[in-house]
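Number of protein chains: 2
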Amino acid sequence: MSHHEPTNADARPKRLQGRPLRVAVLGHGAVGSQTVRALTDHNAALAAKIGAPVDIAGIAVRSPRSGVPGVDDRLFTQDAEALVTRGDVDVVVELMGGIEPARSLIVAAMESGASVVSANKALIAEDGVDLHRMAEKQGVDLAYEAAVAGAVPLLRPLRQSLAGDRVLRLMGIVNGTTNFILDRMTAFGGTFQAALSEAQQLGYAEADPHADVSGADAAAKMAILARLAFDTELAADEVHYEGIEHITAADIAHAASNGSVIKLIGICDRTPDGVSARVHPMLLPAGHTLASVRGSYNGILVEAEAAGELLFHGRGAGGPATSSAVLGDLVEVGRNRVAGLTGAHQPPAAYLPVRTMEHVSNRHHLSMLVTDRPGVLSEITAVFGRHGISLATVRQEGLGAEAQLSVSTHLATDAALAAVLSELRSVDAVREITRSIRMLSGTTPDKDAGR
Amino acid sequence: MSHHEPTNADARPKRLQGRPLRVAVLGHGAVGSQTVRALTDHNAALAAKIGAPVDIAGIAVRSPRSGVPGVDDRLFTQDAEALVTRGDVDVVVELMGGIEPARSLIVAAMESGASVVSANKALIAEDGVDLHRMAEKQGVDLAYEAAVAGAVPLLRPLRQSLAGDRVLRLMGIVNGTTNFILDRMTAFGGTFQAALSEAQQLGYAEADPHADVSGADAAAKMAILARLAFDTELAADEVHYEGIEHITAADIAHAASNGSVIKLIGICDRTPDGVSARVHPMLLPAGHTLASVRGSYNGILVEAEAAGELLFHGRGAGGPATSSAVLGDLVEVGRNRVAGLTGAHQPPAAYLPVRTMEHVSNRHHLSMLVTDRPGVLSEITAVFGRHGISLATVRQEGLGAEAQLSVSTHLATDAALAAVLSELRSVDAVREITRSIRMLSGTTPDKDAGR
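Protein chains in written order, with this note's numbering: chain A, 1 to 451; chain B, 1 to 451.
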């Protein structure tokens, strides 16, 4: 926990001086309503942990609401701005999502002296660095454990528990929708569209699934995680991402025939050349820890120099799970308010160079249809050799006049692979490149001792 | 994080006022030497996170030491008491282990105004409640993330991330030595003694393995975890524990034939009748998450009302992993010192009634040798019925004149099972009760969606 001195006397954190902690909630959807319910149902327990009674100052909603059990109708308001700027609110809990008006309301809340708890990954990914600076300037807290991996405590361990260690790599499944879809395709063999429809029917995917299936949601989370893991200012648009829309039933079956599964994996790591954060589908051995992350769950491996490999696993979304993380932040921020200090925020420390995707190395798996005649294999493998890529495995299956050729490479940069793909397309014997997917590269040093 | 007001003006937390943070390290074994190395190797990074330069004030050792790379020989001292009471030390990092002199030195350090970071599970289990009170009175911090599950961030998530949720149950593998032994017995079929010897040769077990194999070490950790999970004052001796010394190769093989593994499991849970914490061998289905915790690793499932089931997994011991947790605490406590406040401690909030083991319900698995004649089965099952225990499965295998009868029960208290065992021993047809072990009872509500 970072305890920053206010930058000027006006910005001294406010202290409750015996009065209740006043909490404004913005949004009353799945997470908002669950959070409000917990604030009323567990009011005494929360007050005991915070060290002051907890009052709901108001709940901002888009359309009028009434008759919610345990909540006075008069607490609902459609004027969010008036709520956050009225000056007597200690903590604003932003659960609206999206960039605007969430950003303006958070800024207005901070300017009015309120600390902020948010579950808004898109906004924090885009503006987290600036919002942290503003929080520090205003002498208020900004906390957002719920923005990544829902109920799974991940940001706090990264910024506190591992503060004396050196995080080397973080790799995981941080989007439950895509994991659910890939899991269904793996278990039942259907198409992406069928699995997506099922996810939508079960409420695991939105009517407009684009942010999830494109990898954009996971990329926002990886931006937030990379900043905390490496103490750096990484911009949201520096995270390369690819989605799962193009994964076919044949891809999944082909992976299974190689003892592998396809997962949408977010990775951030650091090398002497800089940090990198990216999201893309990846082949994992079926026995890998992350391969066993099922359904809409999230699972994140953190590899640190001294701590070794840590696994965090739990529900990444859903009203109750997300509200658990929101309330954990509220207790921390509320306690700080009681004591008259700040601390839940931690501005990024430095700018580290960012490796672009073309310089990131992975193992790669390629499948192609080739003409089945002598000399083709050596012609094709020579292309890899010319670009400095060595092959780990080669498998050819005859299909009459054609053959399916599957190769896996040793570590190669995206740039080198792109050059190979480009050259392969001009080789006559290569009819079609049917599949190109990254594979998990490298294992942890202590894999044998681990799970 | 709890920010407690000092109880009197003298006890106001000290503030650095621009000078370096002075850290005394007690002990220079595996964890101590690793911690000292990190303090020197990563000095600049730690200073940046703490917000002040970090100086080693001294290192207390039992026998003279010199020539440690990067460490001035004059920093080593055999007079730990003089080191912690000299008055200019900000943080004392206690890595000696054992009850005395660790306890006296921690008390003396607090009385001299130093905050304390400890990895001493035995001491914190025994005296944690009193030591927290003393820390609060003295206006200093007491932190001990490293005391449980080494590098795995567990205490901080419990006291902070889940502070707004309600922990229902915590269940896990918190002793790497016993897990290593059981894992070897499962993989290679040998005896407890053989696996213990191997663990000792590889450094996973002490020369005197009693504290580990008896379950005492795990029980100390469960006392600490139960206090944080339930905000209660649980005494160390209120944790029931049983060890693995009596687990035979036949027990392991029998478990495998039932699709199960035997693990030493620590559990704490709460029911309307009170809280309970215990450690004992347990049959787990081979597909259970905790069944796949390998070697000396630790894995802990936390079940909370809103968050659902969370898994934490990583290295539970070893110098580097434990020092990672120590340094995380040091950064938090050091930051507090820079800001002139306390907060890393969290005194227990309340006393909740503790259920004794006889009132705890589990499923049970029993094996017995019985005379193979008509009527025996109904005679035996009647005994269970008389004590209100219903059976889930019954399996009988003939062995000539005798048969092996294996039964698994539905939920039954230890008291009821003890009554059954006592009565069975007086049944003529029961030659010998060869095996009685608890089974995992109940599954999480969302098991299907999870891993």
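Simulated from the structure, these hints should not be mistaken for laboratory data. Among the clues, some could well be false.
What the hints assert, rightly or not - If we take Cβ atoms under 8 Å as the criterion, some of the chain B residues that face chain A in the derived model are: (1) VAL152; (2) SER161; (3) PHE188; (4) GLY189; (5) THR191; (6) GLY308; (7) LEU327; (8) VAL331; (9) LEU424; (10) ASP428.
Because the structure is a prediction, the values reported are computed rather than measured. For glycine and all other residues, C-beta sits at the position ideal for the given N, C-alpha and C.
Structure versus earlier hints - violations, ascending order: Hints 3, 4, 5, 9, 10 are the ones this structure does not satisfy, whereas the remaining hints hold.
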